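Let chain A serve as the given structure and place chain B on it in line with the hints.
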Amino acid sequence: MKLQFLTLKRALLFIVAATLSLSAYAQNSVSGTVIDNNGEPVIGASVLVKGTTVGTVTDLDGKYSLANIARNAILEFSSIGFETVEENVNGRPVINIILNESSEFLEDVVVTGYMTEKKADLTGSVSVVNMKEVSEIPTTNVFSSLQGRVAGMNVSVDGTPGAKNTSARIRGTTSINSATPLYVVDGVIVDSGVSSLVSSYDIESIQVLKDAASAAIYGAQAAAGVIIITTKKAKAGEIRVDFNATLTAQTYSENLDLMDSYQWGDVYWQAYKYAYGETPKTQIFGSGPTPVLSTDYYYAVDGVHLKPANTDWQKEIYGTALMRDYNLTLSKGTENQTASVSLNYVNQDGMLKETGYSAFNVRANNEFRFLKNKLIFGQSITVHRDIAYNGSTSTINEYLHRIMPMVPVYTEEGGWGGGMVDILNDTWNVVRMCDFIKYSPTTVWRAFGNVYAEVRPIKGLSIKSTYSMNWSSTDSKNFSPKYRESTRIIATNSLSESHNTSLQWVWSNTATYTNTFGKHNITAMLGMEAKDRQTTSMTAQGNDLALEDMSYQVLNTVTTSKNVSGTKGEYTMLSFFGKLNYNYDERYLASFTIRRDSSSRFGSNNNTGVFPSASFGWRITQEKFMAGTRDWLNSLKLRVSWGMNGNDAIRNNATYNIYQLSLDAASYNLSGDGKTLATGARRTSRGNNNLKWESTTQTNFGLDASLFKNRLDLTVDYFNKDTKDMLWNATVAGVQGEGASSYMNAASMNNKGVEMLISWNDEINRDWRYGITFNMSIYRNKITYIPEAEYYTYGCGNGVDITNVGLPINSWLGYKTDGYFRTQAEVDDYLAKYDDKLGKADIGRIRFVDTNNDKVIDASDRVWLGHSNPMMEGGLNLSLSYKQFDLSLFFNGMVKQSNNANKYMTDLFQCWNGNHSTRLVQALNDWKEYEKTGVYNSKYPALTVEDTNKENSQTRLSDWYIEDGSFIRLKTLSLGYTIPRNVLNKVGIRSGRVFLQGTNLLTFTKFTGADPEQAANSYPVARSFTLGISVGL
Amino acid sequence: MKKKLTYIVLSIVASAFLCGCNTKDFLSVTPSGVITEDILLSVDGLDLLINSAYAGLMTPGSNGSMSSPATNWSYGEVRADNAYKGGGNTSDQAQIHNIEIYTVSATDSNINTKWNNLYYGVYRCNAALNVLKSVTAEQVPNVEVLKAEMRALRAYFYFELQRLFNQIPWILDDVDAEEYAYIRNDVYTRDQLLGMIAKEFEDAAAILPETQKDLGRMTKYAAYGFAAKTYLYKAYVQDQKTHAVTGITSADLEKVVDYTSRIINSGKFKLFDDWQKLDMLEYENGEEFIFEVQYSFNDGSSRAGRTNNNNLLNLPQGPYSGDGFYRPSQDLVNAYQTDDNGLPLLDGSFQNKDYDLLDTATEQNLNIDGNVDPRLDFVVGRANVRWKTYEVTPCMAYWMRAVDIYGNHVSKRFCLSPESPNAYRAWPWFASGLNWSLLRYANILLWKAEALIELGRQDEARPLINEIRNRAKNSPWVTAWDGDMTNVKFTPDFNGYAANYVIDEYPASGWTKEYAREALRFETRLELALEGERFFDLVRWGVASEVMTKFFEAEKDIRVYYGIAEFVAGKDEYYPIPTNQWKYTHDSYVQNNGYSF
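Same order as they appear, the protein sequences are chains A and B. Going by this note's numbering, 997 is the number at position 997 of the first sequence; the sequence numbering is gapless. Going by this note's numbering, 10328 is the number at position 328 of the second sequence; the sequence numbering is gapless.
Pulled out of the complex, with its shape left as it was, chain A reads as follows (with noise of 0.2 Å):
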């Protein structure tokens, strides 16, 4: 629409422009090039001789040129979206112009679902991201670079390559259920797998719908939020080829402090003492009064050598990756027709080793107009493939907790060492996991594309049919060799393939019609939309291939075991919606959603559902009497909305009985030959007829304004949404028998919460500009309801009297702790006061206490911890710039509790199987100060080997492991030098900028885990670097 009007403009000012300048008298020439603050033209820029009709506009490269102007004139340079300027000729012939952006119609226009909006006449609560600030990070997923960007958006982000583990939620957890946004890719809903979609250059906006007015027009799937995204498309009258790169270094911070070979046997010897009053046995270290590594081979047969090492097993899997990312972006543009084609490559090597992610992306877009824009039609592709190694990588980092520093990397022949054997534990080894990470490539190839045909056949009215397709085909290769590893021997190889197809179709049909009668302005739209989805999956497996090279891990090699499986799903969904905007004088606005969703997914007894809203706005400083304001008010709007969503991410069979063949689970060996196999069926789930879809209505209040020339901007939002029905998979007795679960519509929750954006831009000259944006949420989350039956089920309290109604999701209930028994007198003073049911008090362990004050320590003493919602998060972005160099830092923050699941493993030593933290080497030296003093004085626990259920557990669940998880993060820092444009005219070169970035390069927190952002195992984020640089022809 912006485009589109632009176009307009430019031609009519032309036109006008062209004919009066054949009546102006010569006085003066005036030429120069107006360009915007990125050095970029502003092509079709007004140029007017103030208080005159004479002007011209700027030509394809910003470009203008006056004849016969006064020496004394005042020119007026003018463009949408811009600031305008004045300038006094003083009789220059050359007078060049940078304008800059207009903060008032910068986000003129946003797309709210099947329709444009103009953002001033918005009703709902709608954030626009700003892609200029995230369009340079480095990334294979534009959503991991949103992170702290938008005020009531949760990112949720890791290392893994290819940033697949990527997710989004919009205004806190909607849902116990999947609360995934719905993604809307150019008008188009798409389930899942955007960011292979669509590369982040090729992104011209994206916006998200946060409240239910918004979201609303699409019903049964908009219960947690929309998240639209446009593409970039070419701009009539422009050619232009856009060359970007980058070159990211991406380096290993985590650095757990894990004690070495040493370290962790003295720690072992006291905790062995502490527990059994004696020193161990063992191979590793000797059984002697102290531990002493042998430098013998504790595993010496079949001829296969392991030594005690000293291993660091961090460094051993873990090195600095680099990732390479390319685009190129070609587009052209005429009045009746536009095209662009883009291609991005992104190669990223993971840190952690044999890991990997390679991409490549080919986006065409096209629209041709005839008749006078009467008859638009329109189509865009993307075909995109990715192969990515992965491998278990949680597996693997938990292991890198658990494997101990004297397991070898190697044999002494150069096979894989490993444990099992002595204390070593059955952990594997980290390093071969590793290894084997490059047989089992995962590759998608994906095609995403739609056609459209738009009629305006009388001003005002636009009928728009959109037909896409969506298909991705997964292919997943899994090899396992033969190896062995200390002593095991895995002498029968095997290897898996599956593949699996999702293709999906919507056809949207929507009529629009705009009108202006008088003061009233009306838009309404009226639409049907259906969309099919379906997917198959099938596997082929086998083992013992006669070999092992890559080329002959196919399944043409396997020998026995082969076995086959598949399975199909189809869902439909069939609705009608419309929408009407109303507003009289630009001051007066509202807004009226309603859509009518039916479901294949539901039963036949509730498979349609209505859902409507209401939005009203006020534009309080278009009123006569805000005339005063104008000053230092630009703009100020209140809103109100109300409205209804659903949520339909259930199984697609979920009303049906369902019962499955299988080999694997209900088949026997009646005939007793050992071999044959009779085919037996079993239930797998219970339906339920009566099945809908989750609802959520929400209210919400904000309020926009726009201060002090527009270099203040405020947008404040708060509000109270409530789900219900939401979707229970309903856990039953064992009498009830197999696959008796099936789901019901269940619990009730609250989540009530407040969003802010605060932006100043200013420049103090025209050299130096700076801005800071800062955003910022809260929110409350409640568990309002859970069915009676279900009320004491696991993960909701006690199992017994304690629910979580009442309570945020993801509390924790468990044991308040008290410090740990500093000496025997502390142990004997408990004892004697509380009967504790829970195990051993003595000196050094933790020290619970009797919340219900019965004198009796045990379960009925667990109270509520806290909970692992973030309470705040927000993001801070600084910018400075002074001529062509341009400077940006980016915090993000949360203030929240964490669970530090991994303390057990790092702080405690009675899970023997851990590479645990240094900070047990003070445990240890704090025991010895106890041994002399009688008080053990430390902040961690008294070193022990044994920790069962019916000893003091420091396992159990108690505020020992809560910690403040919250942190402050200078997410990134980039430094960029936008390269002036007459040095690159000389070369022919339209634009170019270089630039510097690094994120992740500082975190402010009190968290003692590994990252306060991250669960415990996944794949750790990299510290990186990047060189960019950008070309424009």
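Heads up, some of the hints might be wrong.
Computed cross-link-like contacts, DSS-like style, restricted to lysine-lysine with a CA-CA straight-line distance of at most 30 Å [claimed, not checked]: (1) K273/A / K307/A; (2) K10556/B / K273/A; (3) K10213/B / K562/A; (4) K10550/B / K837/A; (5) K10270/B / K10213/B; (6) K837/A / K10353/B; (7) K482/A / K10388/B; (8) K118/A / K833/A; (9) K752/A / K1006/A; (10) K273/A / K10353/B; (11) K675/A / K10270/B; (12) K63/A / K132/A; (13) K833/A / K10268/B; (14) K273/A / K10388/B; (15) K675/A / K10571/B; (16) K63/A / K235/A; (17) K675/A / K10277/B; (18) K10550/B / K281/A; (19) K675/A / K10147/B; (20) K10133/B / K10147/B; (21) K10277/B / K855/A; (22) K752/A / K782/A; (23) K119/A / K332/A; (24) K10277/B / K837/A.
One-sided and incomplete, this derived list gives chain A residues near chain B with beta-carbon spacing under 10 Å [said to hold, decoys possible]: (25) N605; (26) T608; (27) A666; (28) S671; (29) G734; (30) G737; (31) T823; (32) Q824; (33) K840.
If you're looking for bench data, these hints aren't it; they were derived computationally from the structure. Given the structure is predicted, the values throughout are model-derived calculations rather than measurements. No residue lacks a Cβ here, since even glycine has one placed at the ideal position from N, Cα and C.
Quick look at chain B alone, frame taken from chain A:
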């Protein structure tokens, strides 16, 4: 303009209806690739249901698991004095450690899984029976036999449930599914439940044929065998609350004698001549076995096949690469010691000497000079001793994990010899199609002997016990090692055998009822060690508290983790009713004595 608008709106509506006229079809998407209820729950689906019910013997839904083994290795042996949990350390499979040191609680997920799996078995049988009820003999000629099979199978699951959980809800195929969750677990006492279970087996036995073409199906003799077992349990009257044995009912014992005699007199079964054949693929479904869980290898299902995964991590390291769970206790090893007459040390003195300790530095076997029962080396793997038919090395010290915690013995049973081609050489370690016996002829002989002794007919029992001892005596004994001796640290010479084997029959003299009872119980332990029965035997005899207390006392110095173990009489005879089951049944379950939900 209005006209145009109207036209356009109408065309939109029309196009919507183009789609809309087929709305119902468009939205009714039936599930693909899954079997529908109307086919499955009819005569066409009958075989699928019956096969699935039999598959429940392996634990429904899987090949079995560590958490709820159908073989009861954790519930019946680690719980008792025969075995340790094993593995890497005490926190490796911590819930089985709870079973071992008597700290099980009602919220342990293992217990819940075990309960679920057994009731899933019951459910599968009921599903098949519900279809069988509506089937005519014209449709399925052997409908009555199939019904009997399902009833016997269901009774087997109920028997397992009862001896694990004591008070259980009794649900047959005549109950409406909606009622399941409201049926209480305290409707029947233990004795009533066992009576009903026995009746199911008896009814089935009356109909079932003597042999079946499919070797895995229930037969008349399998049903008699299970009936005998059930009556034997029922004979020992238990106090419902304290679980103390308060008396013994002759009528039940007579039934045991009757049914075991029918099996013995059928002439279809006998003991293998070689004890070793119990663990050999070639002798599956052979003359000693009456009913086995049929496992299979390379059968088209994923990985190794439908193999016995209940015991899958229990093999030693070495050639098996196992995880070394399920380790014979020192007490069990000691129990195999015999006196000069080749008889076990019934007076308890076997606990005074730890047979076959290992010097970790030299890997020499210590304390192996005394006499032992040859079954020791069929059941227990010892360092430097020949391992089955493996010719590369004998069992080596390094085959055993966590020797400092769990000692130097590994289970030698329920696996093929390492050179066998019929096993999977990756995880799940050395899984094979080797069957698991639920009834073998030795069980029958011992149960009959037990019943006879308790009936005061101990003289008739003695030949039965001796038949078992004679088989052990006459089996080819395990040799020390007949391969290359260079790496083998085993010096004593027992005429080439691995130990000084001395075993003989019980003589007639001194064979009083009391002596016979002790001899029978000891023989049961030695013959059936590690077969998943020991704990249930102890509870049945009413001696669990006494035996376990003595065992902890004897072992806590070498197995330090037993230091906190305590057997609470009146509680620990049974496992708790899982908390989850109580939660989902609307307060319909009462907890066993001593436990809380």
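The hints, checked one at a time:
For the given pair, K273/A sits about 25 Å from K307/A by alpha-carbon distance, which is consistent with the 30 Å threshold. Between K10556/B and K273/A the CA atoms are separated by roughly 17 Å; this keeps the pair inside 30 Å, and the hint holds. Restraint check for K10213/B and K562/A: satisfied, since their Cα atoms lie roughly 28 Å apart, inside the 30 Å limit. Pair hint K10550/B plus K837/A holds up; C-alpha atoms about 25 Å apart against a cutoff of 30 Å.
For the given pair, K10270/B sits about 20 Å from K10213/B by alpha-carbon distance, which is consistent with the 30 Å threshold. Restraint check: the Cα-Cα separation between K837/A and K10353/B comes to about 36 Å, which exceeds 30 Å; the hinted pair is violated. In summary, the hint linking K482/A to K10388/B is supported, as the alpha carbons are separated by about 25 Å, within the 30 Å threshold. Proximity of K118/A to K833/A is assessed by CA-CA distance (about 70 Å); at most 30 Å being required, the pair is judged violated.
At roughly 27 Å between alpha-carbon atoms, K752/A and K1006/A fall within 30 Å of each other, so this suggested pair holds. A C-alpha spacing of about 27 Å is found between K273/A and K10353/B, which places the hinted pair at or below 30 Å, so the restraint holds. Proximity of K675/A to K10270/B is assessed by CA-CA distance (about 26 Å); at most 30 Å being required, the pair is judged to hold. For a cut-off of 30 Å, the pair hint linking K63/A to K132/A stands: about 25 Å separates their Cα positions.
Using a Cα cut-off of 30 Å, the hinted pair K833/A and K10268/B is violated, with the two alpha carbons roughly 67 Å apart. The suggested pairing of K273/A with K10388/B is violated, with an alpha-carbon distance near 40 Å, which exceeds 30 Å. At most 30 Å may separate the alpha-carbon atoms for a hinted pair to count; K675/A and K10571/B exceed this at roughly 43 Å. Between the alpha carbons of K63/A and K235/A the distance comes to roughly 18 Å, so the proposed pair stays at or under 30 Å and holds.
Between the alpha carbons of K675/A and K10277/B the distance comes to roughly 20 Å, so the proposed pair stays at or under 30 Å and holds. Note on K10550/B and K281/A: the hinted pairing holds, with a Cα-Cα distance of about 27 Å set against a maximum of 30 Å. A distance of roughly 26 Å separates the Cα atoms of K675/A and K10147/B; the hinted pair therefore holds under the 30 Å criterion. With a C-alpha separation of about 8 Å, the suggested pair K10133/B and K10147/B falls inside the 30 Å cut-off, and the hint holds.
This hinted pair does not check out: K10277/B and K855/A have alpha carbons roughly 59 Å apart, beyond 30 Å. Pair hint K752/A plus K782/A holds up; C-alpha atoms about 9 Å apart against a cutoff of 30 Å. Proposed proximity of K119/A and K332/A is supported: the alpha carbons are some 28 Å apart, at most 30 Å. Proposed proximity of K10277/B and K837/A is contradicted: the alpha carbons are some 49 Å apart, above 30 Å.
Below 10 Å, beta-carbon pairs count as interface contacts, and N605/A has none with chain B, the closest being about 13 Å; its hint is therefore violated. Checking T608/A against chain B by beta carbon gives a least distance of about 9 Å; that is within 10 Å, so the hint holds. With its C-beta approaching chain B no nearer than about 4 Å, A666/A sits inside the 10 Å limit, and its interface hint holds. The beta carbon of S671/A is positioned within 10 Å of a beta carbon in chain B (closest approach about 5 Å), and the interface hint is therefore held.
Evaluation of the G734/A hint against chain B yields a held restraint, the C-beta minimum of about 4 Å falling below 10 Å. Checking G737/A against chain B by beta carbon gives a least distance of about 3 Å; that is within 10 Å, so the hint holds. The interface hint given for T823/A is broken, as the beta carbon of that residue sits about 23 Å from the closest beta carbon of chain B, more than 10 Å. For the restraint placing Q824/A at the interface with chain B, the shortest Cβ-Cβ distance is roughly 20 Å, beyond the 10 Å limit, so the hint is violated.
Taking 10 Å as the C-beta contact cut-off toward chain B, the hint placing K840/A at the interface holds, the least distance being around 8 Å.
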